[in-house]
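Colleague: Please arrange chain E on chain X, whose structure you already have, making use of the hints.
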Amino acid sequence: MEKGNQTIIFEKSPVIIGTYSIVGPMEGKGPFGTLFDHVIEKPEWDEPSFEKAECKMHRHAIIHAIEKAGLDESDIDSIISGDLLNQMITSSYSVREFDCTYLGLYSACSTIAEAMTIGSLLISGKHFKNIACVTSSHFCSAERQYRYPLELGTPRTPLSQWTVTGAGCMILSDKGIGPKITMATLGKVIDYKISDVNNMGAAMAPAAAHTIITHFKETKRMPVYYDAIVTGDLGKYGSELLLKLLKDAGLDVASRHFDCGAKIFGDDEKKYQGGSGAGCCNVMFCSYFYNKLKKREINKILFIPTGALMSKISSLQGESIPAIAQAVAIENME
Amino acid sequence: MMDKETYAELVSRTAPKSKHFSTIIRAFLIGGLICCIGQAFADIFAMAFPYLQKDEIASVVTVTMIFSGAFLTGIGVYDDIGNFAGAGSIIPITGFANSIVAPSMEFKKEGIIFGVCAKMFVVAGPVIVLGILSSALIGIIYWIF
Chain X
245 MEKGNQTIIF
255 EKSPVIIGTY
265 SIVGPMEGKG
275 PFGTLFDHVI
285 EKPEWDEPSF
295 EKAECKMHRH
305 AIIHAIEKAG
315 LDESDIDSII
325 SGDLLNQMIT
335 SSYSVREFDC
345 TYLGLYSACS
355 TIAEAMTIGS
365 LLISGKHFKN
375 IACVTSSHFC
385 SAERQYRYPL
395 ELGTPRTPLS
405 QWTVTGAGCM
415 ILSDKGIGPK
425 ITMATLGKVI
435 DYKISDVNNM
445 GAAMAPAAAH
455 TIITHFKETK
465 RMPVYYDAIV
475 TGDLGKYGSE
485 LLLKLLKDAG
495 LDVASRHFDC
505 GAKIFGDDEK
515 KYQGGSGAGC
525 CNVMFCSYFY
535 NKLKKREINK
545 ILFIPTGALM
555 SKISSLQGES
565 IPAIAQAVAI
575 ENME
Chain E
205 MMDKETYAEL
215 VSRTAPKSKH
225 FSTIIRAFLI
235 GGLICCIGQA
245 FADIFAMAFP
255 YLQKDEIASV
265 VTVTMIFSGA
275 FLTGIGVYDD
285 IGNFAGAGSI
295 IPITGFANSI
305 VAPSMEFKKE
315 GIIFGVCAKM
325 FVVAGPVIVL
335 GILSSALIGI
345 IYWIF
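Chains X and E supply the protein sequences, listed in that same order.
The opening position of the first sequence corresponds to residue 245 in the numbering used here, with each subsequent residue numbered one higher.
The opening position of the second sequence corresponds to residue 205 in the numbering used here, with each subsequent residue numbered one higher.
Chain X with its partners taken away, still in its complex shape (with noise of 0.2 Å):
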């Protein structure tokens, strides 16, 4: 890596070898509903708070990935984990029960591509075999953090975006069979001085193009050479915007451009710019796209996850909303 650069390449590639993905009843009924490995009925799913549900989830997506990656418990080295919540609640007590070192991450809604950098360089480094990467999001939690109540009679603005209800995980290992992490470009943080907290696709997107354009000129690749081009939670006015910041910059990647946020729920007009949370972009990819992937019906994705960083407290004294978006490049190895 050369100074100043923000491009890793992992000098030996982890492998994906499981993922898990479990979503709410809302995603449930979207397009990509019987995709996802298990939908719960009701977003309490039988726990006394929103809190504990989606900690329910978090450590069900766990258990369940290892198994389906055909591991025990006992091989997973690290877990690391993120959610929305504040001091990262969901994790921490989710990861309590099982007995192996945990990192939790705070990067919004762009952890899982964080997750996944530092379980490559981990794994890559030798230091690790097995690690999981994990991240949540909950409709019910995520609203009453930070919005309104849930009864409270509020119309939303055409702007706004649905807190996805899911959590994926995925397993990284040192061996197996399945598509690699290659490379992982890092993000900075970008303010382009955007303060409306329901417009976080405009927060988001300039974030997104700084970390894509930087992406290919670090690596001397074109948008050509990937299959798709895959956004976490920009919703379809983010994604407009990505698409022209991109454009202005000479980058074409309208033709394999995918908003996970803006397709998760798909055409229902009552979720306006479509979803957003720490699970939306994890899900999509624990199902949809590593299904694809396995099946090699694409081959090389860059997935490119990105986190609106503000908090109720700094929108309540007129801060503007820093953004980043962290990008990691997973293909299929001939």
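Because the hints were derived from the structure by calculation, they are not lab data.
Misleading hints may appear alongside valid ones.
[Stated by the list, open to error] Far from chain E, some chain X residues (derived; all Cβ distances over 10 Å):
1. Ile421
2. Pro467
3. Asp492
4. Asn543
5. Lys544
6. Leu553
[To be verified] As a list, the in silico DSS-like pairs of lysine-lysine whose alpha-carbon atoms are at most 30 Å apart:
7. X/Lys538 to X/Lys480
8. X/Lys370 to X/Lys312
9. E/Lys223 to X/Lys514
10. X/Lys296 to E/Lys323
11. X/Lys461 to E/Lys208
12. X/Lys507 to E/Lys221
13. X/Lys437 to E/Lys223
14. E/Lys223 to X/Lys273
Glycine is no exception: its CB is placed at the ideal position from the N, C-alpha and C atoms.
Modeller: Showing chain E alone in chain X's frame:
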């Protein structure tokens, strides 16, 4: 990359906006309907309890409407009405009831004292503070002149 000023201009020009005309119509219709229901209660009470004074009827109607707003919030209907009607169901007193009952329900899990009691006014708080403040101000003006 595009600079911040050009980007800000692009966003303010292209961001999807609320459809003002249809939201105003919906707010007018549902807000009007809620007021008509209030008036209907007033008429019914006047017929059923002829010994009640006019201001007593107004109080009973207010209590009835607050109860209705709270009840509809409790059974999970008022947020759907609010999603459709916007200000039409926020402004009437039923909306005020909703803004107190919704956080009370939401924060029940954090206990009676620090959950329900402490968080009950997170939405309605400003309305109460400014309501009391402005009534005091008007009272002073009324007293002087």
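Colleague: For this structure, which hints from the list above don't hold up?
Modeller: 3
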